[in-house]
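K.L.:
One letter stands for each residue in the lines below.
There are 2 protein chains.
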Amino acid sequence: MSALRFPDLPPSEPQGSDLLAQERARTTFSAHDLSNYLYGEEYLERQEKMLTLIEDEPAFDKSNRYFLGRTERFAGALKKDHALVKLAQEQKWNAEEFMQADLLIDESGPFGLHRSMFMPTLVSQGTEEQHEKFLKPSLRYEIIGCYAQTEIGHGSNVQGIETTATYIPETDEFEFHTPYLTACKWWIGGLGKAANHAVVMARLITAGKDYGPHAFVVPIRSMEDHTLLPGVMAGDIGPKFGFNTTDNGCMWFDHYRAPRISLLARYSSVKPGSGEYVKPPNSKLSYGTMVLIRASLVGLARLGLAKAATIATRYSAIRRQFVDKDSPKKMGKEVIETPVLDYSMQQYRLFPIIAAAYACHFTSKEMMRLYYLNIKNMASGNFSLLADVHASSSGLKSLTTTMAAASIEECRRACGGHGFSSFSGLPLMLQDYAPNVTWEGDNYMITQQTGRYLFKSFRELVAKRASGKFSASAITNPTLAYMNTYLDNPNLKCPATSSAHFHNPEIQLAAYGHRAAYLVAEAVHALDVEKRSWNSMLVEIYNASVAHCQLILVQNFIMGIRGDMPQPEGVAAPILAPTAKAALTDLSDLFALHQIHKQPGEFLTSGYIDAKHVSMMGKAIMDLMENKIRPNAVGFVDAFAFPDYYLNSALGRFDGKVYEAYTEMATREPINQTEVVEGYEQYIKPFTNPHGKQGKTIQARL
Amino acid sequence: MSALRFPDLPPSEPQGSDLLAQERARTTFSAHDLSNYLYGEEYLERQEKMLTLIEDEPAFDKSNRYFLGRTERFAGALKKDHALVKLAQEQKWNAEEFMQADLLIDESGPFGLHRSMFMPTLVSQGTEEQHEKFLKPSLRYEIIGCYAQTEIGHGSNVQGIETTATYIPETDEFEFHTPYLTACKWWIGGLGKAANHAVVMARLITAGKDYGPHAFVVPIRSMEDHTLLPGVMAGDIGPKFGFNTTDNGCMWFDHYRAPRISLLARYSSVKPGSGEYVKPPNSKLSYGTMVLIRASLVGLARLGLAKAATIATRYSAIRRQFVDKDSPKKMGKEVIETPVLDYSMQQYRLFPIIAAAYACHFTSKEMMRLYYLNIKNMASGNFSLLADVHASSSGLKSLTTTMAAASIEECRRACGGHGFSSFSGLPLMLQDYAPNVTWEGDNYMITQQTGRYLFKSFRELVAKRASGKFSASAITNPTLAYMNTYLDNPNLKCPATSSAHFHNPEIQLAAYGHRAAYLVAEAVHALDVEKRSWNSMLVEIYNASVAHCQLILVQNFIMGIRGDMPQPEGVAAPILAPTAKAALTDLSDLFALHQIHKQPGEFLTSGYIDAKHVSMMGKAIMDLMENKIRPNAVGFVDAFAFPDYYLNSALGRFDGKVYEAYTEMATREPINQTEVVEGYEQYIKPFTNPHGKQGKTIQARL
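Going line by line, the protein sequences match chains P and S.
Each residue of the first sequence is one higher than the one before, counting from 1 in this note's numbering.
Each residue of the second sequence is one higher than the one before, counting from 1 in this note's numbering.
Hints were generated in silico from the structure; no laboratory data involved.
There may be inaccurate statements among the hints.
Note that the list lumps identical chains together, so a pair holds whenever it fits in one copy or between two copies.
[Said to hold, decoys possible] List of simulated lysine to any residue pairs, SDA-like, C-alpha gap at most 25 Å: (1) Lys79 with Val676; (2) Lys376 with Ala31; (3) Lys657 with Glu337; (4) Lys598 with Ser615; (5) Lys456 with Leu292; (6) Lys330 with Val158; (7) Lys325 with Thr171; (8) Lys598 with Tyr348; (9) Lys493 with Gln682; (10) Lys136 with Pro690.
Work out the full structure, taking the sequences as your base and the hints as a guide.
P.N.:
So this is what it looks like as C-alpha cells:
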C-alpha cells in the first residue's frame, strides 16, 4: 500500500501571499532599514552567509523535526552536533559565525553545555596548568565536558549540595562520593551520554573540615571506548517537556578517586600533603559571570518574543473569520471575512508582544554594555556598578523570561486551532523555551536579590536625605533618581487630562517610577517598622522587582528610539530613519501604556493615577493599535529578519503560502505512509467486519 | 552491553513519606469525609472497582507513556481503545462505569470522538430510520464515526465553511465536494485513521439555492477492508502540542455521492425528486447541547486544577530549600532545610489553585443541575432559563479553562526543575489540556455571547426601573439582582475597616457584584452613548464576562459550603462535617480575596474598594495562608482522591517516595538501555579518540 497523496487544490481567494503583499505595501517604514538599525549590516550579512552554508546540509535539515520521538531526535542531535563542529573546523569559523549557525539550526544538543558552561568554567576558575591539561583538548573536542552542579534534591541552594570531595593526603587525591540518593547529580546537560569529563560541584573536605561547594574537573568516561569509569555511574534522566535533544544526565560517585589537580584552583586550593585549604580572594568577582548569563537570557527572551510574534502576526493577517459588520473588509469589490488582525482583541493580545520584543531588544543591548563596562571597572578595582547591574540583571531575567514564556503561549493560542499543530512551530518553541523561567535562578526566587538591593538603596537614600549632606543633583544612578523623586513628593498626581498626554514619555516614566518607589517604600516600611518577616514579604518583594524592571524596560525603549542610548566604547550610534523612528515610538507608547492599562492595580494604589487616567489610557491604546500600529504590524515583524528556515513554521512563512505548506507537511506524517492504519486487522476489524465479509454483504447488513 | 543499573541509595533524612505523614497528622479534618462530600460514596466505590479492573491490564499500562514518540503512542492508543471497548462489552459496563474507566486511563484515543460527538449528533439530529441504520451499528462499533465540521480555513465561523453537499434529484443523492484547499476538513478527531463514517457539516445546496451548513452522515472507508472510498481522500494532520494519541484528520471530497438519507433529517430535510427544502423548527433547541458541552468543560477544568495542585502540593511538602532564618524548620532536634510549601510565595502560587479547584467543583455541579433543569423546562415550552444559562456557560467555559491551563503551568513551575521532567506528569497534562482553551469556542471569542446577554439584561433593567412598574423584590435572577444593587447606588463604598471584615461573604459578593455591574454599565455607555463599535469594545466585553463569571464562582463556592446549594430534584443534599466546613470556608475566603488582591484594578476603578482595602486583604490572605490553609494543604488535595495510577507522577505520589520513583523511571529511559550511546563510533569517537588509541596512551597525551 502506498503513501497518501493529498489533492493539489488552491485556497479560496484572497491568497495569503496577496494579503501579506497588501500589508507590506502599506507599511510606513522600510523593514530593511529597521533591521539594519536593530542588528547592523554585518550581522545580517553574516546571517545570510551562514544560512547558505547550513540550510541544505542533511545534518541540519528540519523537515522531520516535528515527527520524531525523543530517541530519534536525540540521535539526530548527536549527528547534528558532530556535523556542526566538523564544519566549523573545516571552515575555520570564528565565535560569532559559530553562534550564528547554532542559532539558525535552533536545536539544543549534547555538546551544548561543553561550550556554554564547561569550557567557560575552566577558563574562569582553572589555573594555567589546568588550562593546558583540560582546556586545550576541550577546544579540540577531545575532551567533551558537562557542568555537574544540581543534585536531585538540591537546586537553587548550592550550599545544600551533598556530594563530597575528600582530600586524601596519602595519595594526593580527592575522593568523590554520593552519600545519598538526594546527592545524585541531576539535570546535567551532556552528561547523560556525550560527556567524557565533568566539572563537578562537590563539598571540599580536607583535614577534617567541610569547606562547602567547590568546582572540580574529573574524567567520567573512558577516553578509549566511552564506557563509564569504575566508581562512576551516569545516565540520562529521561524525557522532558522540551529540550529533548539534550542528554540531561544523572551521576553517582562511589568512592571515586581523581588527582589533586582536579580541584579548579585559580581562586582556592589545597596544599599537597598537609591538605591545608587556601582561601579565595574577593568573592564578588564571580557575580560578573552571573550577570553575563542573565543578561544573555534577556536577549533570548527578546528572541522568543520576536519569533512567536512573527508567526502569529503574519498568520493573523491571513487568517480570516466572520465579517465585522461595522467595517466590512473588501478585496476589490468583494466583501471578504475580516482578517483576525483587524479585531481589537487580537491586536490587544499581539501588538504588546511585538512591542515587548523591541523593548527587550534595547534592554538586552544595554545590559551587555553594562556587563562589559562593569568587568572593565572591576579589573581596575571599581565595584560601583556591580550591585546595580547584578540586581537589575536578576530582576530582568525573571521579568523578561516570564513575559516571553507567557507570550509564546499567547501567540500559540492567537493562531486559533492551528497554533496547536506542531507545524505552526509554536509548540516546540514553547517547550524548548520553558526552562528559561526556572534555570539560572528560579523566576520567583531571584527577585529577592533585586528586592534586597532596592531596599538597601532606599534606606541609604532616606538616611542621606535626613543627614543634611544631600544634593539631588549629585544623583547619577537612575534607581536612586526615581526613588528621590518619590520621596520629594509621595503624593504626586499624574497631570494628564487627556489621552494624548499619555504619549508623553515623561509622564510614562513618572508613572512607572512613582509606582516602583511606592512599592519599595511600602515594603521597607513593612520590614523595618511593622517588623514583618522576610518570608511573609516575598510577594511584595517580587512585585517591587517587577515594577523596577518594567521601568528599566520602558526607559531603555524610550532611549533606544531617541538615539541617546549609551554605546559601547568605540561603537558609533546607529541611525534610525525618521519613518521608522515614528513607528517605533508608537510601539514604545503601547508598551508603556498597555502594561498599566492591563494591570493598573499598583499604579492606582500608588496614588499617581486614578480611574479616569486608566480610561484615558484605554482610549490612547485603542487609537494607537487601530490607526498607527495595525498598518505596520507585518513590517515590525519582518524587521526581525528571521529566515523561514529558522522559523520552521507553516503559519509564519514570509510568502504567506500557509495552507499549502501546512498540508504538504501533513503528507509527511509517518502514519500517513500507509492508507490503512497499522493495527487495523487487530484492533478495528474485529468490530467493523468481524466475519471478514465482502463489501456487498456488509452494505446490505447496514 | 547491558542496561544501566543505578545505585540503590536512600534519600537523606527526612524521608518524603515521613514528611507527608506529618502533614496528614496535622490536618484539621478528615480527607475521606471531604471526598465523600465532593463525590459521594457511590462514585468513590465505583472508582475503586474500576481501578482494580484496569490497573494491571497491559493495554492500560502507563509505565511507558512518557518515553514513546507520536507514532508508537498512537499505535498504543488504538490498542487501548480496542481493549477498553472489549472489556466494557464483556463486563457489561454502564455509561458511568465506562466513563470512570476512561477517566482513569486518561488518554485520548481514536474512538473518543465516536462516543463524544458522532453518536450524540446521530441521537439528536437523526430520524428513527437513521437511528436504525447508523446509530445501532455505531453502538456495536461496526460503524466508527467522527464529526467533521472544522475546515483548514474555517473554525469558529461555522457559517463560513465551504464544503458543499448538492442534492441531485436524478439519483436522489447528495454530491459532496471540496472546492478549495481552504475547504478541506481539518482537526477531525478519529478521522485520520480510525473512522469508517463521518458526520460532515456541509453547505446544503438544493434546487439552486445554498441553505448553509447542515449535518450529513456518510461512509468514508470501506467496511470490508478500511480503504478510503472512491471520491474520499483522508489522512492524519500530523503531530500536535498534545492529544497525540488521537488521529485528528483531514478530508477532501471529489464529487463524492451518498444517498439522500445521509442528511440528518430530524429538523430539516429535502423532499425527494423536487429537492424542496423543509425548514427546521425553533433553532434554540440546539443551544441545549452547547450548554452541556461547556458545562462539562467546567468540570474538566476542575479536574485539571485539582490534578496539578495535588502533584505540586504534595511535592512542595517534601522538597526543601534553604533555611528560613526567621523560622527554621526542625525535624526532631535537627534544623532541616525549609519545605518550600512554608514559603509565602509558594503558598501564594499554589493555595489559590487548590481553592480554584474547589470553586470550579461547585460551579460545575451547579451548571449541570441548571442544564438538566433547562432541558426539562424547554421540553414544556419554558425558555426562561436558556439565555442566562447559555451566557454563563460560555463565560465560565472561557474563564475556568483559562484558569486551569494557567494553573497547570504554574504548578509545573512550582515544582522547580523537576516540573520540567515528563515524570512529574505535568508536561503531558499541560499539553493534553491545552486545546480546552480553543475548542468549543475560543476563549476570547465566546465571551461576546456572555457580554451580549449582560448588556441586554442591563438595558432591560434600566428601562424597567425607569418605567415605574418596577419592584426590586420581584427579581429572582441573580444577574439582575447584582445589577440592580449597583443601579441603586453606583457610588457604594466597601464598609470594611479591618482585614477581618473581608471574611464576610456578603462583602466579598458585594465587591464582585459591584465590579461586574460597573463594567457592564461602562460598556453599555460606550456602546449606546459614545456609539463605539462592537469591535473596538472586545477587550471591555471580555473583561465584563470575566467579572460576571468570577462572581458566579465565588457565589457557588459560598453556597456549596453553606449547604444551601440547590440540589437536582430527588437528590438529598450531602452533609459536610463541621471541621471540613471550617476548612473549606478558609479556601473560599482565599479564592474570593486572592483574585481581588492579585488584580485589583477593576475593583478599584469601580470605586467600591480603595488602596487601604487592598492592603487589608493582603493581610487577610497572608494570615489565612500561613495559619489556616498551610496545615490543611495536603489534606485538601488528598480529598480529591486521585489514585497514583491516575496521576502517573513521580512527584505527586501519595506515599511521598518521590526520588525513589523518579530515578526508577529514569532507568527505563530507552537511551539508558546501553552504556555507550549509539552513534559513539560515528559522532563522538572521531573527536575524542580519532586514532583509536588504547587507554594508557590517551591518558599520557592529555
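K.L.:
Checked against the structure, which of the hints given earlier come out wrong?
P.N.:
2, 7, 9
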